[in-house]
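Listed in order, the protein sequences are those of chains A and B. The first sequence begins at 1 in the working numbering and counts up by one. The second sequence begins at 1001 in the working numbering and counts up by one.
Just so you know, these hints were derived from the structure itself, not from any lab. From the three backbone atoms N, C-alpha and C, an ideal C-beta is built for every residue, glycine too. It cannot be assumed that every hint is accurate.
Claimed, not checked - The calculated label-pair distances, taken between Cβ atoms and stated as ranges, are:
#1 Asp1067(B) <-> Val50(A): 26 to 34 angstroms
#2 Asn65(A) <-> Lys1069(B): 34 to 42 angstroms
#3 Glu1066(B) <-> Met19(A): 45 to 53 angstroms
To be verified - Straight-line alpha carbon distances no greater than 30 angstroms define the calculated BS3-like cross-link-like pairs of lysine-lysine that follow:
#4 Lys1052(B) <-> Lys1069(B)
#5 Lys1052(B) <-> Lys1003(B)
#6 Lys44(A) <-> Lys1069(B)
#7 Lys44(A) <-> Lys14(A)
#8 Lys1003(B) <-> Lys44(A)
#9 Lys57(A) <-> Lys14(A)
#10 Lys57(A) <-> Lys44(A)
#11 Lys44(A) <-> Lys1052(B)
#12 Lys57(A) <-> Lys9(A)
#13 Lys44(A) <-> Lys9(A)
#14 Lys57(A) <-> Lys1107(B)
#15 Lys1069(B) <-> Lys1003(B)
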Amino acid sequence: NAGVTQTPKFRILKIGQSMTLQCTQDMNHNYMYWYRQDPGMGLKLIYYSVGAGITDKGEVPNGYNVSRSTTEDFPLRLELAAPSQTSVYFCASLQGTGALGYTFGSGTRLTVV
Amino acid sequence: DAKTTQPTSMDCAEGRAANLPCNHSTISGNEYVYWYRQIHSQGPQYIIHGLKNNETNEMASLIITEDRKSSTLILPHATLRDTAVYYCIGGYNNDMRFGAGTRLTVKP
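This is chain B alone, in the form it adopts within the complex (with noise of 0.2 angstroms):
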């Protein structure tokens, strides 16, 4: 798996876009870019994913670099029920390894 690099913590306010960043410098051609985020004390929740392209689901955006070192997810109009941990992962999808992650707070 890649070392992925990520801030501790955010802040955003409600109603704004979350732009929530992640190091990968040392992925490999073939391994993907996961976010995931985990809601308290819930399990992980799987959010979306990557490979070379930017990619958009119903929940969010991720935007990777043309040289794939870095990735940005994008939660286009924050609330407050998307305050969580959010973890970027760089690997395949059947061997997860989780880092801290980012701590995003939505204020109101």
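Next up, chain A with everything else stripped away, as it sits in the complex (with noise of 0.2 angstroms):
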């Protein structure tokens, strides 16, 4: 049971270049959810799904797409990188409303330059 899982860990962007990062979850959560977090802030809500083949947006969406064809996989879509979106990038699932607290994932490390 590996809970979930981010790849890559790390990655460096050139501005206007896009990349994918993955999220996949072993535990069948109904839930996922993108955040990212910028230096000494909070976690921010990117995009969220409660389910297969349903996302919708959070607080900071812009610049990203996201989709959910599998109960497993949540990609997040970066297409036209921004320094403004360097920042560390966290996936996290939940079994449902009734379930305890989020599991995360370790996260990835973005830099655009």
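Hints in hand, dock the two standalone chains.
Laid out in structure tokens, this is it:
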């Protein structure tokens, strides 16, 4: 049982490049989330999904896209990377509204130069 | 989600109880109080949650005031490994919004 797995752990992008941050969970959780965390700040919700085929915007969705074709996977896409997207990205999952708390991945540290 | 207010930072001596306060005066009747912590640059870790009653688990205790406007997370015997940022969140467990939290430093 691996929990929530994020890849890559580190990445450097040039301005204007695109990339996909991968997130997969093996706990059959319905809810999945993407957060970003800037240095010294709390986490901001980017996108979330309540199940396969359903996604919705969080607090800071601009510049990102997501898809949820399976229960296990919730990739985050950056189309035109900008320096403002330099951050640590965390993926999380939750079994359902009656569950205790989120399970977080270990994060992806992204630098845009 | 309810707005929460936490001190920016706190210190605690190793082996002593760490008491972390949180104000959530705008919390609605059916919103829970959740606590997470984030050690260094790891992903946040769920600690405990409660609605009205005090709660205890293997990690911590949660004391919620009768009017539900504030709560205290208690780590009964803090260790150096408890040094982390602690987040108090008022809301529903499928929509967690994290603030800046309290940076707890446990000192030897």
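These are the hints, each one checked on the structure:
1. Remark: the range hint 26 to 34 angstroms for Asp1067(B) to Val50(A) is upheld by a beta-carbon distance near 32 angstroms.
2. A beta carbon spacing of about 39 angstroms between Asn65(A) and Lys1069(B) agrees with the range 34 to 42 angstroms that was offered as a hint.
3. Hint check: Glu1066(B) to Met19(A), Cβ distance near 50 angstroms, so the stated range 45 to 53 angstroms holds.
4. Restraint check for Lys1052(B) and Lys1069(B): the C-alpha separation of about 10 angstroms stays at or below 30 angstroms, so the hint holds.
5. Between the alpha carbons of Lys1052(B) and Lys1003(B) the distance comes to roughly 17 angstroms, so the proposed pair stays at or under 30 angstroms and holds.
6. A C-alpha spacing of about 24 angstroms is found between Lys44(A) and Lys1069(B), which places the hinted pair at or below 30 angstroms, so the restraint holds.
7. In summary, the hint linking Lys44(A) to Lys14(A) is supported, as the alpha carbons are separated by about 23 angstroms, within the 30 angstroms threshold.
8. Taking the CA atoms of Lys1003(B) and Lys44(A), the gap is near 14 angstroms; set against the 30 angstroms cutoff, the hint holds.
9. Using a Cα cut-off of 30 angstroms, the hinted pair Lys57(A) and Lys14(A) holds, with the two alpha carbons roughly 25 angstroms apart.
10. Taken as a hint, the Lys57(A) and Lys44(A) pair is honoured in the structure, with Cα atoms around 11 angstroms apart against an allowance of 30 angstroms.
11. Proximity of Lys44(A) to Lys1052(B) is assessed by CA-CA distance (about 27 angstroms); at most 30 angstroms being required, the pair is judged to hold.
12. For a cut-off of 30 angstroms, the pair hint linking Lys57(A) to Lys9(A) stands: about 24 angstroms separates their Cα positions.
13. Taking the CA atoms of Lys44(A) and Lys9(A), the gap is near 19 angstroms; set against the 30 angstroms cutoff, the hint holds.
14. Using a Cα cut-off of 30 angstroms, the hinted pair Lys57(A) and Lys1107(B) is violated, with the two alpha carbons roughly 41 angstroms apart.
15. Distance check on the hinted pair: Lys1069(B) and Lys1003(B) sit about 11 angstroms apart at the alpha-carbon level, within 30 angstroms; holds.
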